[in-house]
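Trainee: Chain order of the listed sequences is A and B. Under my numbering, think of the first position of the first sequence as 1, with each following residue one higher. Under my numbering, think of the first position of the second sequence as 1, with each following residue one higher.
Bear in mind the hints are in silico, worked out from the structure with no lab data behind them. Here the structure is a predicted model, which means the values were calculated and not measured. Glycine included, each C-beta is placed from N, C-alpha and C at the ideal position. Misleading hints may appear alongside valid ones.
Across the chosen pairs, the derived CB separations fall in these ranges [as the list claims (entries may be wrong)]:
hint	chain 1	residue 1	chain 2	residue 2	range
1	B	Arg32	A	Leu30	32 to 42 Å
2	A	Asp459	B	Ala20	42 to 52 Å
3	A	Thr140	B	Glu162	41 to 51 Å
4	B	Pro297	A	Ala26	31 to 41 Å
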Amino acid sequence: MVGDVVEALFVGLQWFVLGYFLIVNAFLILLLAMAAVDLRRQRLDVWQEGRWRLLGSDVAPVISILAPAHNEEATVTESIRSLLTLRYPSLEVVLVNDGSSDATLAVLERDFDLVAVHAAPIRRRIETQPIRGLYRSRRTPGLVVVDKENGGKADALNAGLVVATGELACAIDADTIVEPDALQRMIRPFLMDDNVIAAGGTLRVVNGADVRAGRVVRERAPRRFLPGVQAVEYLRAFLAGRVGWNRLGGNLIISGAFGLFRREAMIEAGGYRHDTVGEDMELVVRMRRLAHERGGPEQIVFVPDPVAWTEVPRRLRILARQRDRWHRGLADVLHRHRRVILNPRYGAMGLVVAPYFVFVELLAPLVELVGVLVAILGLIFGVVDIEFALLFLLVAYGLGLVLTVLTLALEEWTFCGYGGLRDRLVLLLFGALESIGYRQLTAFWRVRGLVRHWRGHRDWGAMEREGFRTQPAEQP
Amino acid sequence: MSWEPLLLEAALVLAGLLVAALALLVVHGAWRVAADASWRRPTAEARAALAETADRLELTPDAARALKRLTARRRIDLFAELAPSVAGAPRSALADAAGALDVIASAERWCRSRRWRRRLRGARLLTTLGGGETAVPPLLRDPRPEVRTQAAEWAASHPEPEIVSTLTDMLDDPRGLARFTVMDSLIRLGASAVEPLGTTIDAAGGVAAVAALRVGTAIADPRLAPHARRRLDDDDPAIRAWAVRLVGAVGGDENAAAVATRLHDPADEVRAAAAVALGRLGHWPAAPALGHCLADPSWAVRRNAALALRSFGPAGELLLNRALRDEDTFARDIARQTLDLPEVSLPA
């Protein structure tokens, strides 16, 4: 009797997991199809577009780049040089040294010949930790360095927001390398439509590429497993996921590593929150939510061709912390804004986007782990057929592989951002290997993040940067 | 229960999907590699031929043959790649070559297409290569903002009065990119745009008036100052603020005095704009009035007035130093902060 109940429970769970993965993967394929449609439209729109015109324009909006840095002495100079050479006419770089305990400020003073600008007139529209000093560079007038007491990334971005003077603010991580013409591409939706309040761009994995003087000079897919498999994940998330959301209700996430916002809209929303580890997503959800509640511009778009490069963890320990933190951030944001979920008042955001983030992004690792455990235990205790277990694996991981290959095909058809066909075949190999161990491990870390969120953990965990594979600029 | 048939079917479907996806990836990649290899040499020859055309200012039969060896798409891409890098006579030579090879005619045909993306493509090509004097102007009134925008970009190098007049009519375009491009084109047209801009400044309201005043500020032609002065008493504070900027950009005693009266405007954005304009003009007779603005209730006015005074040099700094003993906390505060600055630059 008990055996029958356990068997029925196991089989029922397996069916649930099977159905769940079928639905999720079908939706992901729909997102991919929408992404393909959007990418085609986008390619046609930008064919032979004269972006150079912006460069000489007297009416181009000022963009303030906000770059928070905490203990980034290894990469900060290269990142700032890369930012200062972006091809955009009205550019201001605001680097916020968020109470670094290493030599970040000293490195900046040495490399950019900083001069202290004490107590400049700043209107403190958002409260932040005390600002210790403001610096301007004698060599590069467009650089402003804010030295403040440590308050976390959100606090640093808020300090940058109040010091900045641009109409638009671009939030990036200090270790992000932005492609030279990325801002010219990114600003397009803001000029096109007054309803746009934020735009995100594609992030690619820099590990494996050659970087010279703060620029990626040779795009290459990573050759090591861990960065390689993350490169595949980034491709799926950005090329298939976020582009697809442009047509299915708009994005809820603009990556903290690279996003462009209307500065006034950010300030009116109160800036970044300090008490969450998912501050980038939280701000976007809040901005969209407020736009629905108060009326006004609310569109969040993803523009696929402006590219920024970011370093991903090369060690399991660091990756585990990152995924744990990301998932805690996601859970926290969805919990804070739970009233949006399935609420028709918020339109597509309430009825499609937010439920997707709950049922797919948040719960998928839990369902996946349950499915794997049930399959293994069921096979051990003989309550699940081997054929059924194989069917589960096929649906859960086989469809995932199809999705990965289709994403790589889309990449081949559009941007070829990782060099040649050979690089994409390397990524294909990583994509095929991803399901063996890596996916289960990340699912475990994410579930652990969920549990830690329930227990109230709010820490960031240390993220060690190893620096890019870089060479100095050639001397003339 | 036997799952075997279902498993087999699922495996077959998945295998089919996987093979199709892989084929898409590998075949497209291989095709791209092969196409790049086979077109490398003809493209290089055609590029050299086009460079030679720009250099010699004529299309030789050999160069025409080299260019005709490419597909129409590759030929167009090549013209579009080289044309923005040259100007003057070489650019005209490229335009003539494009005309001789039917590239211009194709682009003009596209401009008349029913499909808006094709019209956009035609206008883009003609903007890059030149030509399209009859095909592009009707696109300034195209229903698609993308096409209007491109036509406005084309118009920047066509100072004919009808085209400039159409551009000024577009200053209230509902789409931001079209407005931005129209403003940019009018700025590039410079003196040719002054007369219709003056008419627009006099007659337009709202967005169009602000856009016209913004363009006027960038051009800063003295002929625009009387039109702007007439809008200094407008009901709309945005119009008054931009009129102040334009009048300030033109300069001169009469205009500076007109700007100084706006330091008492009821709207803080107008007072702030007036303070910056006076700072830029170095109009020191306005220093006492700017000194009063240090206690203004608006932060932006206080900051701009303080920066303007600091930019006057010793005379302004004297007033800032006096403000350090002012009864008003905000005046003392902004004076202290501004005097501490190692150097000043007035905000935009």
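Trainee: Look at each hint and say if it fits the structure.
Mentor: A quick look at each hint next to the structure:
1. B/Arg32 <-> A/Leu30: 32 to 42 Å: violated (27 Å)
2. A/Asp459 <-> B/Ala20: 42 to 52 Å: Distance hint for A/Asp459, B/Ala20 holds at roughly 46 Å.
3. A/Thr140 <-> B/Glu162: 41 to 51 Å: For B/Glu162 against A/Thr140, whose Cβ atoms are near 45 Å apart, the range 41 to 51 Å holds.
4. B/Pro297 <-> A/Ala26: 31 to 41 Å: violated (59 Å)
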